[in-house]
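Those protein sequences? They're chains A and B, same order as listed.
Quick note on numbering: the first sequence equals residues 1 to 107 in this note's numbering.
Quick note on numbering: the second sequence equals residues 1 to 117 in this note's numbering.
It is possible that part of the hints are untrue.
To be verified - Derived lysine to any residue pairs resembling SDA-like cross-links, with alpha carbons at most 20 Å apart: (1) Lys39(A) with Asp105(B); (2) Lys42(A) with Gly9(B); (3) Lys65(B) with Tyr94(A); (4) Lys39(A) with Gly44(B); (5) Lys42(A) with Leu112(B); (6) Lys42(A) with Gly42(B); (7) Lys42(A) with Ala40(B); (8) Lys43(B) with Glu105(A); (9) Lys43(B) with Gly9(B); (10) Lys39(A) with Val19(A); (11) Lys65(B) with Asn84(B); (12) Lys42(A) with Asp105(B); (13) Lys42(A) with Gln39(B); (14) Lys43(B) with Ala84(A); (15) Lys13(B) with Ala40(B).
What the hints assert, rightly or not - Covered by chain A, according to a simulated footprint, are these stretches of chain B (three or more residues, beta-carbon under 8 Å): (16) 38-50; (17) 96-104; (18) 107-114.
Claimed, not checked - Covered stretches of chain A (chain B as the covering partner; in silico rule of three or more C-beta atoms under 8 Å from a C-beta of chain B): (19) 46-60; (20) 84-91; (21) 96-106.
What the hints contain is simulated information worked out from the structure, not anything from laboratory work.
Using N, Cα and C, we set each Cβ at its ideal position, and we do this for glycine too.
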Amino acid sequence: DIQMTQSPSTLSASVRDRVTITCRASQSISRWLAWYQQKPGKAPNLLISDASRLESGVPSRFSGSGSGTEFTLTISSLQPDDFATYYCQQYNSYPYTFGQGTKLEFK
Amino acid sequence: QVQLVESGGGLVKPGGSLRLSCVASGFAFSDYYMGWIRQAPGKGLEWVSYIDGTATIIYYTDSIKGRFTISRDNAKNSLYLQMNSLRAEDTAVYSCARAPRGFSDYWGQGTLVTVSS
Chain A
1 DIQMTQSPST
11 LSASVRDRVT
21 ITCRASQSIS
31 RWLAWYQQKP
41 GKAPNLLISD
51 ASRLESGVPS
61 RFSGSGSGTE
71 FTLTISSLQP
81 DDFATYYCQQ
91 YNSYPYTFGQ
101 GTKLEFK
Chain B
1 QVQLVESGGG
11 LVKPGGSLRL
21 SCVASGFAFS
31 DYYMGWIRQA
41 PGKGLEWVSY
51 IDGTATIIYY
61 TDSIKGRFTI
71 SRDNAKNSLY
81 LQMNSLRAED
91 TAVYSCARAP
101 RGFSDYWGQG
111 TLVTVSS
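Work out the full structure: start from the sequences and follow the hints.
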């Protein structure tokens with residue numbers, strides 16, 4: 001199975017900060033990576049697919065990059081609504097696997 | 001709009017069975033891969049199973065192989081997960097998701113399965 005490792009596990013930040021979350025795959029997954037945002041008690045929301053394709057309706061302050069084994073999710077200017085947990089997921093090969101999550105919290 | 005509504009969760013004893021259902025609306029159900037994803041309390045996300053539009057391609061994560069069976073009824077716009085030989089570690093919220101190319105673009109709110117004596 002492909003292991004997905006996110007860092008950091010917890011990130012403390014303030015409104016208007018620029019933040020970056022990293023996701024590393026245990027083997028190459030090309031660009032078959034998605035990013036999700038999850039708020040407590042809610043279903044995850046797809047932000048980015050194919051490593052960098054922003055989903056419809058997702059604010060442009062979110063961006064994704066990377067290929068192979070290293071990927072990043074960047075929020076250019078944090079807004080209050082962005083404090084949540086973020087997950088990466090590879091869909092290069094079965095079983096599809098998620099990272100362990102990064103909790104973005106108020107500093 | 002796309003909607004996915006799960007049902008069938010509940011409290012079951014170890015070794016017991018449950019059948020989860022997910023009714024889809026707002027899109028051409030038979031055209032899409034669908035999947036089940038679970039989240040144990042306070043934990044991360046885990047892909048459980050995945051099925052293509054014609055039920056020809058099916059995948060399971062290793063921990064549930066031989067115990068869970070995914071199926072679909074395109075005439076009823078419904079996805080199912082038959083869960084047998086349940087274990088405490090299967091306790092989680094189970095969500096169905098539309099999975100057009102492996103990622104999930106729409107999710108249901110989930111149904112809680114608790115395995116406990």
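Against the structure, the hints come out as follows:
1. Lys39(A) with Asp105(B): holds (16 Å)
2. Lys42(A) with Gly9(B): Roughly 17 Å between the alpha carbons, so the hint for Lys42(A) and Gly9(B) holds.
3. Lys65(B) with Tyr94(A): holds (13 Å)
4. Lys39(A) with Gly44(B): Holds - the C-alpha atoms of Gly44(B) and Lys39(A) are around 12 Å apart, at most 20 Å.
5. Lys42(A) with Leu112(B): Holds, at about 13 Å.
6. Lys42(A) with Gly42(B): holds (13 Å)
7. Lys42(A) with Ala40(B): Holds, at about 14 Å.
8. Lys43(B) with Glu105(A): Distance of about 17 Å is within 20 Å: holds.
9. Lys43(B) with Gly9(B): holds (18 Å)
10. Lys39(A) with Val19(A): holds (18 Å)
11. Lys65(B) with Asn84(B): holds (10 Å)
12. Lys42(A) with Asp105(B): holds (14 Å)
13. Lys42(A) with Gln39(B): Between Lys42(A) and Gln39(B) the Cα gap is close to 11 Å, so the pair holds against 20 Å.
14. Lys43(B) with Ala84(A): holds (14 Å)
15. Lys13(B) with Ala40(B): Holds, at about 17 Å.
16. 38-50: holds (count 5)
17. 96-104: holds (count 4)
18. 107-114: Since three or more residues must qualify, the claim that chain A covers the region 107-114 of chain B holds, with 4 doing so at under 8 Å.
19. 46-60: holds (count 3)
20. 84-91: holds (count 3)
21. 96-106: holds (count 6)
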